[in-house]
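Please build the complete structure, drawing on both the sequences and the hints.
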Amino acid sequence: MSRWKAAGIHVCISALVALVAATLIFGVWYPRPYSHAAGADKLVLLLLGVDVVLGPLLTLIVFRAGKWGMRFDLTVIAIAQACAFLYGMSVVVRARPAFVVANVDRFNLVAANDIDPTDYAKAKRPDFAAPPWTGPRVIGALPPTDVAERNRIILAGPGGKDIAVMPQYYADYAVAAAQLLERAKTIDDLLKSHPDARSAIDAWLHANGREATDVRWVPLAARRATLTMLLDAGTGAPLDALPIDPW
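Going by UniProt numbering, the sequence shown opens with residue 1, and the numbers climb by one from there.
Bear in mind the hints are in silico, worked out from the structure with no lab data behind them.
Check each hint, because a few of them may be wrong.
[To be verified] Computed list of lysine-lysine pairs in PhoX-like fashion (alpha-carbon distance at most 20 Å, straight line):
1. K161 <-> K124
2. K122 <-> K161
3. K5 <-> K67
[What the hints assert, rightly or not] Restraint-style ranges between C-beta atoms, simulated for each label pair:
4. L16 <-> W247: 39 to 45 Å
5. R125 <-> A80: 40 to 46 Å
6. R224 <-> T134: 21 to 27 Å
7. T213 <-> P143: 28 to 34 Å
8. G39 <-> K161: 16 to 22 Å
9. K5 <-> W133: 35 to 41 Å
10. S2 <-> F72: 16 to 22 Å
11. A15 <-> D232: 37 to 43 Å
12. I61 <-> P243: 39 to 45 Å
13. A174 <-> N208: 20 to 26 Å
Ideal placement from N, C-alpha and C gives every residue a C-beta, glycine not left out.
Here it is in structure tokens:
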């Protein structure tokens, strides 16, 4: 077997693994429209690039049919590639979007590792005590009823811990929808401050059979970007998040 054939086989195996990983990442853990806002694009490209390119390249360099110790060399390459891939996947898993939290007047895209393990332990419901594995879940966060605790969170300011990362205040989205909808703005408000977004908004409305008056919006804040979350004007149900920074 030539080194090119060996490297080609390695590329095929690596590409298959990368395809499965990409399907899992973008199909489940980082679905559209959250993938870019969560910083998944560059992270995943780096991970899959290393998996598909580096391993086969090393095979191309070291492979020589009949070489003594060839099996050992290939085993070392395979182990090193697997370790690098598993480490990269562990980073992707820890940073995956876990909750889309309705928080007073906005949504926060909360990653699994944004929440301290001690805060997960304080969750009042078991379904909020750990990040979901089936993709980000849309929920609400209700301010504490205790005045002292509420003031403590407010006084902590931007550098403090917000209720969006405190599962003890999590609730079903339906509980927070009315409050969020009261603070949501109209499409006309968005277009007044962002006239360049008109084509994207019009395209979405046309594709979804909606009128501008049927839709409201709030910001969706994430690690890498802020999106515009569209809501049903009647029910407050989330419709879609568009790559428009409303701020």
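>> The hint says 40 to 46 Å between R125 and A80; measuring C-beta to C-beta, is that right?
In response: holds, 43 Å
Next item on the list: Could you check the hint for me, namely that R224 and T134 are 21 to 27 Å apart, CB to CB?
Entry: holds, 22 Å
Status of the given 16 to 22 Å range, CB of F72 versus CB of S2
holds, 20 Å
Assessment of proposed distance window 39 to 45 Å (beta carbons of L16, W247): Since the Cβ atoms of L16 and W247 sit about 42 Å apart, the hinted range of 39 to 45 Å holds.
Is it true that the C-beta distance of A174 to N208 lies inside 20 to 26 Å, as the hint says?
holds, 22 Å
Given the hint that K161 pairs with K124, does the C-alpha gap stay at or below 20 Å? Within the cut-off at roughly 18 Å; holds.
**Prompt:** Can the suggested window of 39 to 45 Å be confirmed for the beta-carbon pair I61 and P243?
**Reply:** holds, 41 Å
Next item on the list: Determine whether the Cβ-Cβ distance between G39 and K161 falls within the hinted range of 16 to 22 Å.
Entry: Between G39 and K161, where Cβ atoms are some 21 Å apart, the hint holds.
### Satisfaction of hint between K161 and K122, Cα-Cα up to 20 Å
Roughly 14 Å separates the two Cα atoms, so the pair holds.
Confirm or reject the claim that A15 and D232 have a C-beta distance inside 37 to 43 Å.
holds, 41 Å
Look at the Cβ atoms of K5 and W133 and judge whether their distance stays inside 35 to 41 Å. For W133 against K5, whose Cβ atoms are near 39 Å apart, the range 35 to 41 Å holds.
* Can you let me know if the beta-carbon spacing of T213 and P143 is within 28 to 34 Å? => holds, 30 Å
Consistency note: the structure conflicts with none of the earlier hints.
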